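The primary structure of each chain is shown beneath.
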Amino acid sequence: MISLVRTEFAKALRRGRTLAIGLALVGLPSLIVFAIHARGNGRGGDNGEGLFRLAHQSGLLVPAAVLEAMSAFLLIVIAGSIAGDIIAGDAASGNLRYLLMRPVRRGRLLVAKAFVAGTLIWGCTILVTVTALVGGVLFFGAHPITVPGLAIGSLFGGFHLTVTTLLERLAIATAYVAFGYSALLALGTFFSTVTDVPAGAIGATIGVYVVSEILDGITQLGVIRYGFPTHYLAAWEPMFTQNRFPHDMLAGVAVQLAYVAVFLSAALVWFNRKDIRS
Amino acid sequence: MADAIVAVEGLSKHFGPVLAVDDFSFTVERSQVWGLLGPNGAGKTTTLRILMGLERPSRGNVRLFDAPVTPSCPQLVRVGAMVEQAAFVPHLSGLTNLRLWWEANGARFADADLDGALAVAALGDAIHRKVRTYSQGMKQRLGFARLLLGRPELLVLDEPTNGLDPGEIREIRELIGRLTLQGATVLLSSHHLTEVEQVCSDVLVMNHGRLVASGTVSELIGAGSSVYVEVDDRERAYTVLSALPTVAGVLLQGDGLLVDLRDGRRSDLANALVGAGLRLETISANQNLEDAFLGLLDGDRVVS
Ligand SMILES: Nc1ncnc2c1ncn2[C@@H]1O[C@H](COP(=O)(O)OP(=O)(O)O)[C@@H](O)[C@H]1O
Ligand SMILES: [Mg+2]
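From first to last, the protein sequence lines are chains A and B. Using our numbering, the letters of the first sequence correspond one by one to residues 1 to 278. Using our numbering, the letters of the second sequence correspond one by one to residues 1 to 304.
Be aware that a few hints might be false.
As the list claims (entries may be wrong) - Interface residues of chain B toward chain A, partial, derived using beta-carbon atoms under 8 Å: (1) Gly53; (2) Leu54; (3) Pro57; (4) Ser72; (5) Pro74; (6) Val77; (7) Ala81; (8) Val83; (9) Gln85; (10) Phe88; (11) Val89; (12) Glu103; (13) Asn105; (14) Gly106; (15) Phe109; (16) Leu280.
Stated by the list, open to error - In silico negatives: residues of chain B with every beta carbon more than 10 Å from chain A: (17) Ala4; (18) Leu19; (19) Ser31; (20) Arg170; (21) Glu174; (22) Ser267.
Stated by the list, open to error - From the derived model, a few chain B residues whose C-beta atoms are all more than 12 Å from chain A: (23) Glu9; (24) Thr46; (25) Gly60; (26) Arg146; (27) Leu179; (28) His192.
What the hints contain is simulated information worked out from the structure, not anything from laboratory work. Keep in mind it's a predicted model, so treat the numbers as computed, not measured. Think of the CB as a built atom: it goes at the ideal place given N, C-alpha and C, for glycine as much as any other residue.
Could you build the full structure based on these sequences and the hints that come with them?
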């Protein structure tokens, strides 16, 4: 199992695609940091809303703003393309059958590949935070923040967040966002065992998320929205805007775990029974 | 049976309504070199995929090294296989592909007998290039290097020269020849009679998923003693010729019949046909072995 994880890592890290994703995840947050800076400099300019408005106060809030901006779409696309590729990618190149004839146990291969993909997704999220943190501190400094009582988005009175608190919450937010792609990973893994066409598995995975986000916007759907994999993705934001840990974060974790249990099991069952025809 | 490395019994495989393999049985014993000969779509690849635990049989019993075949069963480490074309991780070098493949199940690359395998592949410095840049022939040679890692006891080769140019085909056939001389046990599928003739000692002929014939290559293909005959009434001629003591076998082929004359003369054959009131339209020596093979497949019956 350890050797499989190691060899799958070696394969993933040497891919051009991995490097391209890494560059994008350094480049885009940097751009956003520049944009926040440029907007703030314009006299009487638009300071943005929510986290973006607060980001001017402290570079430590910039990563939160960047995460908010990137987690709802770009990171989903990236995580989906990593997850959907794991089995289908090898099937498409024809290498899958040779791995299985080595022989490597199918269940182990699936779990090792999902683990590697999950680690990459965490790495991507952390890269976004770290890039934004470095950029934010360079441009705005590492200050504590004070949110006045009537600030937009603040239901309660004003509050003060120290540098340590901000860093702690940033770590929690990053982990929560990364963990929030667990359902995506499990779905992608499942689709990846069903088809031998990577683009199909990736498209299906991202498609489910896009549909989930669209449906989640229709409040008339009622409680079933709470079961959508994207519903609680942004539940971490009140840590910064309202100085509280929402219960929704726990619900978010539970929903993700449920998806992982269902789709990872389905992927294992399917992959173990499947005829390898690629 | 005790020495059977491969034992397949009553194997069938359905794909929906398609019966790709139909009640197929054979065994391969140590140091035998078997050809699995059949036209495209005969069911060769399906049989080999099932043997390697990639697909599940619909019915039947498949054993390797005296243990049942299941997906990724442990005895597969003793088999070196190439099923359809050799395929690799395209963005890694040939050498890295070999190393990561070997290490995937926890083995140490130092134990793989890499030098022997690399000598076979004869890729030179190209072994350090990304596989994406390889020609299909180079991939096939790298495929041989990979399947020879760890000195497997059984080689399973599925049409290893498919898609190669004549020079590459010659190289690969010579390579297989050398491996068999070293005592390897081989199961090689092909739709080229000449390939099976060059490489194998025994042959299974497969068509429409069924075993059509099996035996040594020389038995099956004959020593070139067959004759091709066309007459006005093929069915009658079939009966007449089958009854002749000098005829070892008759097959329907194309518009005529393929007759295996054991040691009779062609004139005896002509006399017998004319004597039975049949009109003889063509009679010719059938020296083309490919034709004989095709005849074997076309003929619904094999008489001997
Ligand atoms: N995955 C599949 N789905 C449906 N039919 C298949 C599949 N694989 C093979 N077949 C059919 O099974 C038969 C045998 O195919 P195959 O084993 O590839 O033959 P060969 O290797 O001798 O050319 C063919 O008729 C082929 O069309
Ligand atoms: Mg085939």
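Cross-check of the supplied hints:
no. : hint   : in the structure
1   : Gly53  : holds, 7 Å
2   : Leu54  : holds, 4 Å
3   : Pro57  : violated, 10 Å
4   : Ser72  : holds, 4 Å
5   : Pro74  : holds, 7 Å
6   : Val77  : holds, 7 Å
7   : Ala81  : holds, 5 Å
8   : Val83  : holds, 6 Å
9   : Gln85  : holds, 7 Å
10  : Phe88  : holds, 6 Å
11  : Val89  : holds, 5 Å
12  : Glu103 : holds, 5 Å
13  : Asn105 : holds, 5 Å
14  : Gly106 : holds, 4 Å
15  : Phe109 : violated, 11 Å
16  : Leu280 : violated, 49 Å
17  : Ala4   : holds, 20 Å
18  : Leu19  : holds, 15 Å
19  : Ser31  : holds, 22 Å
20  : Arg170 : holds, 25 Å
21  : Glu174 : holds, 24 Å
22  : Ser267 : holds, 54 Å
23  : Glu9   : holds, 20 Å
24  : Thr46  : violated, 9 Å
25  : Gly60  : holds, 15 Å
26  : Arg146 : violated, 7 Å
27  : Leu179 : holds, 18 Å
28  : His192 : holds, 22 Å
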